[in-house]
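Q: Place chain B on chain A using the hints.
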Amino acid sequence: MATATEPHGPSGLQLSLVNTRTLMDRVLTVLALLFAAFALFPLFSVLYMLVVRGGHLLSPTLFTELTPGAGMEGGGIGNAVLGTLVVVVLASVFSLPLGILAAVYLAEYAGESRLGTVVRFAGKVLTGMPSILAGVFAYAAIVVAAKSFSALAGGVAMAILMVPTIMLTGEQALRAVPEKMRLAALGMGASRMETTLRVVLPTALPGILTGVMLALARAMGETAPLLFTALFSDYWFDGKLNAPIASMSVLIYNFSGSPFAHLSELAWAASLVLVVIVLALNVLAQVLIRRPKEF
Amino acid sequence: MNMEIPMSAPDAANAPAATRARGAVDKGPLVMDCRVKRIHYGQFLAVRDAEIPIVTNEITAFIGPSGCGKSTVLRCLNRMNDFVPGFRLEGSVRFRGQDIYAHGVDPVAVRRSIGMVFQQPNPFATSIYNNVAFGLKLNRFKGDHAERVEQALRGAALWDEVKDKLHTSGLALSGGQQQRLCIARAIAVEPDLLLMDEPCSALDPIATRKVEELMLELKERYTIAIVTHNLQQAQRVADRTAFLFVDTTAGGRTGYLIEYRPTSELFGDPREEQTKAYIRGEFS
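Those protein sequences? They're chains A and B, same order as listed. Those letters in the first sequence? Residues 37 to 331, by our numbering. Those letters in the second sequence? Residues 2 to 285, by our numbering.
Just so you know, these hints were derived from the structure itself, not from any lab. Incorrect hints may appear among the rest.
As the list claims (entries may be wrong) - Calculated pairs, DSS-like style, for lysine-lysine (alpha carbon to alpha carbon, straight line, at most 30 Å):
#: 1; chain 1: A; residue 1: K216; chain 2: B; residue 2: K138
#: 2; chain 1: A; residue 1: K216; chain 2: B; residue 2: K143
#: 3; chain 1: B; residue 1: K38; chain 2: B; residue 2: K220
#: 4; chain 1: A; residue 1: K216; chain 2: B; residue 2: K220
#: 5; chain 1: B; residue 1: K38; chain 2: B; residue 2: K277
#: 6; chain 1: B; residue 1: K277; chain 2: A; residue 2: K216
Isolated chain A, as found in the complex (with noise of 0.2 Å):
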């Protein structure tokens, strides 16, 4: 038999579970294994939970036709579907160039000066900040000045929540860009911004859109802060950025607490609808990270 006191004795290297460490290291395995799938259980179940309830109405008219009224039948939830995207590409076109750019000063200039450590620091206690103090600023901020709920409020309040994270995923996917690549742009006679615009910003660019696909991902979820702003509309989005909007997140919100049967059910579907956006940009930004990256 192995024993521990005979390492080196021919029997000392048959595979033996009576040997302690043989015997641990199995036990480890199967209980890592065992927390693994239960750390997986809570995703698989909700999306099995959103399927039953919620899958069979998917079809085409859910995604075409509006919310319907307390009481009614039939309808969809086309205008929560649409109006979440305005609300996304709003919030885009405010925090895109706001997160990059930060990203470009805190990567390429602000090195460790007290400016970039603040900035920095910012950035990471807002990406911990509660949605809802986000939905209440652009409220005090915006709805209160303009006394009106606004599709407009809810893209800058989703905006406050994408800044930090496209901010500080974009800063690691620049400083990824190795130094040789700036110095070989900067020996070819480019400026500084050159070098930027040109060279580190596309060799970063998979970087920074995994940041922007995970914060888009965020930010698509959160109710918080559209029901401060945005608020609801049962109509479709007319162009109007200075009224009230609808959202999937704020339908789920709405109907889901609902007594009628059928609101509810469409609070289901729309949930559906929300993970499967959800996890594809998720998968995105994987795809995206993957990429391989041979400075």
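A: Same frame as chain A, now just chain B:
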């Protein structure tokens, strides 16, 4: 100054003076008149007394032990040291008669006329074509880009290997090919001077030999200054060789020029004791 050659040229040199032969340089016009008196990084004196005039259509090699400042001097020639915090130069570096450290000179413009090839191959993360066309776009070159790209790749002896995959990534090439791509990128803008900072130290012997053959071909059209750790390489390619050494007597580590002469003379009949010891391989 350990050089026994009289350094006669007065600083009041006008344009012709920069092209006048003097000291170690006994023929040909100068493309670069490097007269470094002192280079500081902050308080640290990195290099002193390095006068290395570079003759047109020649290859000038900088050799010497680690820390002798040969790369530092090379990077002075296109103001790449400007990016190092605390860098300060005393002396003058005249490029076609114009002091590139004079007030009002744009370092970006200097670097556009002086190409640089680095120790590590550093192509951009883009296609082979775009790598070579980079400088053309930067300079808003009006002519035929495709023609220039082909010409530069041929010049860098890389055309036959890449002509069918110009639009694949430059990073997919082998190390030696990447370095020749970097050379193509540098010569596409037809620089007046090509600086090479240990261009073969990351390459295997076959790739090294290719780059060396290439340098000898490029000499016909360009002027090259190369830093190398490899004495055989200096002997194989360089017309003139500058030997720098480290002075530790004052407590610091300051590089300075020992001898600058035609390569065959420097290796065949070194005048200074340090040179003799170095080329015998007594220290590295």
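Q: The structure should be examined with respect to each hint, and the outcome stated for every one.
A: Now for the hints, and whether the structure bears them out:
At most 30 Å may separate the alpha-carbon atoms for a hinted pair to count; A:K216 and B:K138 meet this at roughly 20 Å. A hinted pair counts as satisfied when its Cα atoms are at most 30 Å apart, and A:K216 with B:K143 qualifies at roughly 28 Å. With a CA separation close to 28 Å, the supplied pair B:K38 and B:K220 stays within the 30 Å bound. For the hint linking A:K216 to B:K220, the alpha-carbon distance of about 26 Å falls within 30 Å, and the restraint holds.
For the given pair, B:K38 sits about 25 Å from B:K277 by alpha-carbon distance, which is consistent with the 30 Å threshold. The suggested pairing of B:K277 with A:K216 is violated, with an alpha-carbon distance near 35 Å, which exceeds 30 Å.
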